[in-house]
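**Q** So the protein sequences, as listed, match chains V and H. Residues 1 to 664, numbered by my numbering, are exactly what the first sequence covers, in order. Residues 1 to 664, numbered by my numbering, are exactly what the second sequence covers, in order.
It cannot be assumed that every hint is accurate.
Each pair may be met inside one copy or between any two copies, as identical chains are not told apart.
Below 30 Å or equal to it, Euclidean Cα-Cα: the simulated DSS-like pairs (lysine-lysine) are [as the list claims (entries may be wrong)]: (1) Lys344 / Lys113; (2) Lys367 / Lys442; (3) Lys367 / Lys145; (4) Lys113 / Lys345; (5) Lys442 / Lys345; (6) Lys8 / Lys113; (7) Lys367 / Lys8; (8) Lys345 / Lys8; (9) Lys419 / Lys8; (10) Lys8 / Lys344; (11) Lys442 / Lys344; (12) Lys367 / Lys113; (13) Lys442 / Lys145; (14) Lys145 / Lys419; (15) Lys8 / Lys442; (16) Lys113 / Lys442; (17) Lys8 / Lys145; (18) Lys345 / Lys367.
Note that these hints are calculated values from the structure, not bench results.
Residue strings, one per chain:
2 protein chains.
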Amino acid sequence: MTPLDAPKAVRSRAVIERVSPEIDAGLFPVKRIVGEEVVVEADVFVDGHDQVRCLLLHRPAGTTTWAEVPMVPLGNDRWQASFHVAALGRHQYTLHAWADRFLTWRHDLGRRKEAIDILIALQIGTAMIDDAADRAADDDRNRLKNWGDELRAVPSPEAGQAMALDETLAALMAAHSERHFVTEYERVLEVVVEPERSRFSAWYELFPRSCLVGDADHGSFAGVMEQLPYIASMGFDVLYLPPIHPIGRTFRKGANNRLAASADDPGSPWAIGAAEGGHCDILPALGSQEDFRRLVVGARTAGLEIAMDIAFQCSPDHPYVTEHPEWFRHRPDGSIQYAENPPKKYQDIYPLDFESDDSNALWLELKRVVDFWIDEGIRIFRVDNPHTKPFPFWAWLIGSIKARHPDAIFLAEAFTRPKVMHRLAKVGFSQSYTYFTWRNTKQELTAYFTELARHDSREYFRPNLWPNTPDILPEFLQYGGRPAFMLRVALAATLGANYGIYGPAFELMEHEARDPGGEEYLDSEKYQVRQWDTNRRDSLRDYIARLNRIRRENPALQSDWSLQFHAIDNPMMLCFSKIAGDNTLIMVANLDPHNVQAGWIDLPLAELGVPGNSPYQAHDLLSGARFLWQGARSYVSLDPAASPMHILRLRRRLRSERDFDYFL
Amino acid sequence: MTPLDAPKAVRSRAVIERVSPEIDAGLFPVKRIVGEEVVVEADVFVDGHDQVRCLLLHRPAGTTTWAEVPMVPLGNDRWQASFHVAALGRHQYTLHAWADRFLTWRHDLGRRKEAIDILIALQIGTAMIDDAADRAADDDRNRLKNWGDELRAVPSPEAGQAMALDETLAALMAAHSERHFVTEYERVLEVVVEPERSRFSAWYELFPRSCLVGDADHGSFAGVMEQLPYIASMGFDVLYLPPIHPIGRTFRKGANNRLAASADDPGSPWAIGAAEGGHCDILPALGSQEDFRRLVVGARTAGLEIAMDIAFQCSPDHPYVTEHPEWFRHRPDGSIQYAENPPKKYQDIYPLDFESDDSNALWLELKRVVDFWIDEGIRIFRVDNPHTKPFPFWAWLIGSIKARHPDAIFLAEAFTRPKVMHRLAKVGFSQSYTYFTWRNTKQELTAYFTELARHDSREYFRPNLWPNTPDILPEFLQYGGRPAFMLRVALAATLGANYGIYGPAFELMEHEARDPGGEEYLDSEKYQVRQWDTNRRDSLRDYIARLNRIRRENPALQSDWSLQFHAIDNPMMLCFSKIAGDNTLIMVANLDPHNVQAGWIDLPLAELGVPGNSPYQAHDLLSGARFLWQGARSYVSLDPAASPMHILRLRRRLRSERDFDYFL
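Between the sequences and the hints, there should be enough to build the whole structure, so can you do that?
**A** Laid out in structure tokens, this is it:
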């Protein structure tokens with residue numbers, strides 16, 4: 001606010017501040033999916049004791065007409081209103097407020113006691129009603145005119161007072177309110193509206209190279225096609241493929257990340273680019289572009305959306321290296337700088353130089369890559385290491401893509417520092433990898449997921465939980481046996497509306513690490529073809545299928561915000577709930593994969609919608625068992641060998657003698 | 001962030017976010033006094049693993065050259081630096097950050113192991129050093145050239161590595177850093193730097209009408225002059241006078257707010273304006289403009305600054321009413337609308353209409369009033385009911401005045417809703433009345449003052465604590481007797497660096513209310529002249545003088561931010577501390593004015609700078625008593641009849657046998 005000597009007196013007296021949701025003073029949009037509600041709150045007030053009116057305005061971005069929703073006071077000058085977002089894309093909202101003369105007049109009128117004061121007030125009021133009639137049209141105009149005439153004809157001040165306080169008149173006047181000196185909130189805020197899968201999805205990561213057909217020694221899209229029924233039967237809806245592009249030969253890594261590859265070694269799919277092409281090309285061994293198209297369609301038919309891997313880095317054999325040497329950093333000897341994090345060196349990878357003088361062309365080319373796969377029907381992208389590329393690049397790339405294709409979903413594979421992960425989510429990623437992979441104890445899980453589900457960051461940061469990835473076989477899975485796998489996938493599937501596993505390694509409980517103390521898989525698929533026997537009797541396939549069916553049947557598991565942790569008097573056990581409407585689920589987990597654990601849970605029944613004095617049923621959707629409970633405290637015992645987790649649906653109404661005809 | 005199809009690739013990769021202090025996205029400045037520190041923090045990071053450099057920039061507003069302070073990392077991508085504000089007025093700050101190539105190079109070099117990698121790195125590094133030499137001048141240029149030459153001549157990679165990691169070189173390179181693609185924080189933030197009295201002041205409110213000289217029946221400035229030694233002897237430094245202007249006659253209120261005044265009734269000084277003049281004129285009975293000037297000078301000589309009352313409202317007899325009828329609201333019969341809050345009416349007061357079509361002229365005229373008194377030497381203004389005038393008006397008025405007179409102080413007398421009080425502080429008021437007046441219990445005081453001293457709002461909201469005002473004789477004082485008065489003024493003087501009392505009513509323990517259950521004084525000075533016997537034996541004069549002396553001698557009581565509450569196992573007792581450097585004070589209060597209360601306090605000795613195992617002295621600055629304590633827990637007993645409060649200065653060092661020569 002600049003002091004002025006010759007003032008332009010501001011007559012807008014209402015103040016609008018502390019608007020929520022609002023990320024970084026409106027620099028970034030909040031996120032919703034189609035059909036969701038945006039609940040907007042703000043501190044709104046005016047000097048003196050005038051009555052304030054406050055409107056929430058909203059519209060699809062790019063349109064010009066605001067829809068208005070009256071805000072209602074919550075007390076302490078906090079106001080609230082909400083709207084639903086109906087379509088994909090960007091939606092805008094802002095606020096207007098003003099000291100409302102008619103509302104103030106009405107408020108005062110109700111308190112006036114002396115006849116003379118009421119009479120004068122009625123004179124003032126009828127003038128306002130006449131003015132409103134002039135602003136209105138048709139029916140409303142006539143109705144307002146009638147109100148004015150009738151008020152002028154009242155037999156007594158008291159009768160006039162009663163008549164003027166009529167709610168119908170108040171509503172009419174609100175509809176044709178004279179908006180004196182409106183304060184417009186200084187920012188127009190935005191919501192990015194995304195497809196439902198942004199909020200609720202189950203991912204399955206699969207290496208096509210291991211999808212062997214017959215006795216082939218390298219998998220193909222045809223092999224992936226054969227796996228579709230298997231994957232769909234487990235109830236996943238996103239099938240994520242690591243990079244499918246030609247793989248570099250120079251400095252190619254051998255099995256188990258050995259420096260020297262043999263002629264047969266297929267190399268890491270993340271070493272992208274070879275004589276056969278780059279990011280818009282397909283590794284010939286996997287199939288043709290036509291085969292890929294067939295796969296995309298075939299997957300969709302099976303209820304699966306293919307997610308592509310976007311890894312913006314190059315092998316030394318990538319066509320960019322010769323065609324655009326200016327997109328790489330050079331060493332004093334003229335050679336191109338390979339990726340390194342001293343003393344580690346990754347000579348099979350050349351990072352792109354985003355500080356290049358030719359970065360405009362680089363940005364456009366990378367967008368062309370995404371556009372290419374969009375044109376091939378891809379809408380979901382899992383972005384590899386986005387935290388090693390500049391944030392402004394992602395803001396531009398994702399913004400540009402989603403401007404034309406608002407149904408596109410970008411998942412940030414950024415296992416990095418918290419501020420960096422949050423910034424990526426702010427600049428546009430629909431979903432984010434999380435630290436879930438390493439959160440095992442009650443304290444860790446409670447603290448981390450309370451933060452994710454309750455903190456303001458939930459407006460833009462949507463977690464996607466992975467118990468394993470091709471890079472990470474967490475210690476808990478190495479040493480916890482079958483119960484550890486069951487626990488971790490059940491936690492992922494219930495703590496997160498979005499989750500994923502890297503299979504078949506997961507359901508087949510692959511648990512041997514390459515090095516003691518390390519998290520790399522032994523014989524990792526990153527560097528070699530693996531043959532998986534998905535028909536093994538001990539596979540977790542059915543367990544996972546049951547989890548995904550429960551997720552589909554229970555809206556409570558389809559979003560993250562309702563998560564609440566509850567007391568359980570055993571440090572090895574975790575109890576939490578999720579709610580959607582009348583769908584109330586209580587999860588109880590035994591975090592100890594080796595021993596039976598038991599404890600008393602303590603539920604806030606009123607919050608969970610359970611009448612405090614009635615018995616209720618807790619129906620374990622995993623085992624089918626039904627427990628009859630009453631009151632806040634209940635006893636739970638879990639044997640990890642059988643099932644480390646309950647997913648209990650609370651069913652509030654139980655049959656009783658009152659259901660017999662005699663009672664009706 | 002707008003998506004662009006033809007990108008202007010942003011190469012500034014560093015991110016600066018969550019800057020503190022920052023009020024409402026920089027809409028309002030933070031406040032400091034001359035010489036104070038501004039500690040600035042921000043989240044700063046860059047993609048990848050490059051090293052980031054971050055600078056805090058600051059300058060007096062209106063100047064063009066930024067001073068730079070390097071920020072240091074606190075962990076988790078949080079950075080910090082600080083500066084001191086040296087002069088009154090506005091001071092600006094912002095941040096710059098970038099991915100620093102030399103720092104990154106140096107960080108990597110330290111981790112390199114292979115000779116060939118080190119050699120290549122040294123080639124790259126010397127080129128950067130040569131570039132820096134080209135940017136530098138004089139000595140630095142030569143020193144950098146030498147570094148380059150010496151590095152080129154090293155006998156071995158290991159020697160070069162060691163030499164290149166030298167801290168001197170790092171400092172030189174930092175001084176001549178190549179600032180590639182700097183990210184400039186999107187806002188320039190401001191600090192309003194105010195005089196010390198904004199942070200630390202003791203106010204005494206006095207009605208000149210009761211400062212009688214000889215056997216006059218109406219007080220005068222001459223009478224106030226006679227009171228100056230008395231007020232100064234109590235240690236106050238601001239003498240605040242209710243309005244001194246001509247008082248309206250129409251609808252003048254009589255004693256005890258009676259509707260009909262007799263000819264002798266002087267009326268309320270807040271009913272401003274009469275035939276004798278308005279806001280720039282003086283009630284003739286009080287003296288002339290010349291008398292007032294003498295008072296301002298006399299007060300200053302006694303160490304007292306006069307604070308004027310700014311009450312922007314008019315009596316029906318104010319010259320504005322006839323000269324500028326357009327500044328008032330009119331009723332249908334053409335009469336001017338008096339103040340009202342139905343069913344209450346204040347017919348002796350006409351509020352100004354800030355929605356007037358002539359509001360530009362109104363704003364200018366009101367500023368002229370303040371300028372007038374500024375020209376008369378006044379720098380402190382206590383603003384009456386600022387919450388009944390628009391916020392943009394105050395932002396403009398205070399901003400304009402302080403642009404020319406940065407030593408001006410405005411106190412907001414706004415006993416209203418919290419959001420409104422905060423907004424007034426944000427738009428420019430230096431100090432604010434608080435709810436202290438009605439906070440009596442341990443729980444109330446702890447919650448409220450923790451909020452005031454710890455919440456972000458402390459950056460702009462400076463509390464000024466009043467145990468009484470001419471309008472408010474709180475119940476606690478009506479029924480608590482002498483101990484209640486002692487307690488409340490001692491709490492005000494220690495919980496608040498700024499506080500004030502309305503006297504002599506306070507020190508003479510005036511405690512009769514006009515109506516049972518009400519808070520108005522019986523025979524209030526607002527409506528009549530009072531004769532006070534300030535020499536009464538039971539006056540609290542000496543007690544208050546002691547409090548103010550303690551405040552002056554103890555820096556801990558001169559600011560609010562260090563306030564901390566401590567455990568005491570008696571709900572009728574309160575324990576809190578304030579610290580400044582090695583000045584540590586522990587206040588213990590008995591909140592019960594009727595009974596002796598005792599309890600065990602529990603102090604965090606490490607935080608208070610007391611070595612845990614040593615005995616220490618707690619010296620009660622009020623009573624002079626000294627207690628020898630050891631350990632965190634100590635017993636305190638307070639008899640309200642003697643003194644309801646300890647102000648204990650902790651003295652850490654005690655003499656012991658080690659002080660004898662034999663030990664030296």
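**Q** Confirm or reject each hint.
**A** Each hint, compared with the structure:
1. Lys344 / Lys113: For Lys344 and Lys113, the Cα distance is within 30 Å only across copies (10 Å; inside one copy 85 Å).
2. Lys367 / Lys442: Answer is neither; intra-copy 43 Å and inter-copy 62 Å both fail.
3. Lys367 / Lys145: The answer is neither: 61 Å in one copy and 44 Å across copies each exceed 30 Å.
4. Lys113 / Lys345: This pair counts as between: shortest inter-copy Cα distance 11 Å, intra-copy 86 Å.
5. Lys442 / Lys345: Neither: 38 Å inside a chain and 63 Å across chains, both beyond 30 Å.
6. Lys8 / Lys113: Answer is neither; intra-copy 39 Å and inter-copy 68 Å both fail.
7. Lys367 / Lys8: The answer is between: 13 Å across copies meets 30 Å, while 48 Å in one copy does not.
8. Lys345 / Lys8: Result: close neither inside a copy nor across copies, 64 Å intra and 32 Å inter.
9. Lys419 / Lys8: Between copies only: 25 Å across, 42 Å inside.
10. Lys8 / Lys344: neither (64 Å within a copy, 34 Å between copies)
11. Lys442 / Lys344: Cα proximity of Lys442 and Lys344: none, with 35 Å in one copy and 60 Å across.
12. Lys367 / Lys113: For Lys367 and Lys113, the Cα distance exceeds 30 Å both inside one copy (71 Å) and across copies (38 Å).
13. Lys442 / Lys145: neither (67 Å within a copy, 58 Å between copies)
14. Lys145 / Lys419: So Lys145 and Lys419 fail the 30 Å test inside a copy (60 Å) and across (39 Å) alike.
15. Lys8 / Lys442: Neither: 60 Å inside a copy, 47 Å across copies.
16. Lys113 / Lys442: neither (63 Å within a copy, 41 Å between copies)
17. Lys8 / Lys145: neither (37 Å within a copy, 59 Å between copies)
18. Lys345 / Lys367: Within one copy, since 28 Å is at most 30 Å while 69 Å is not.
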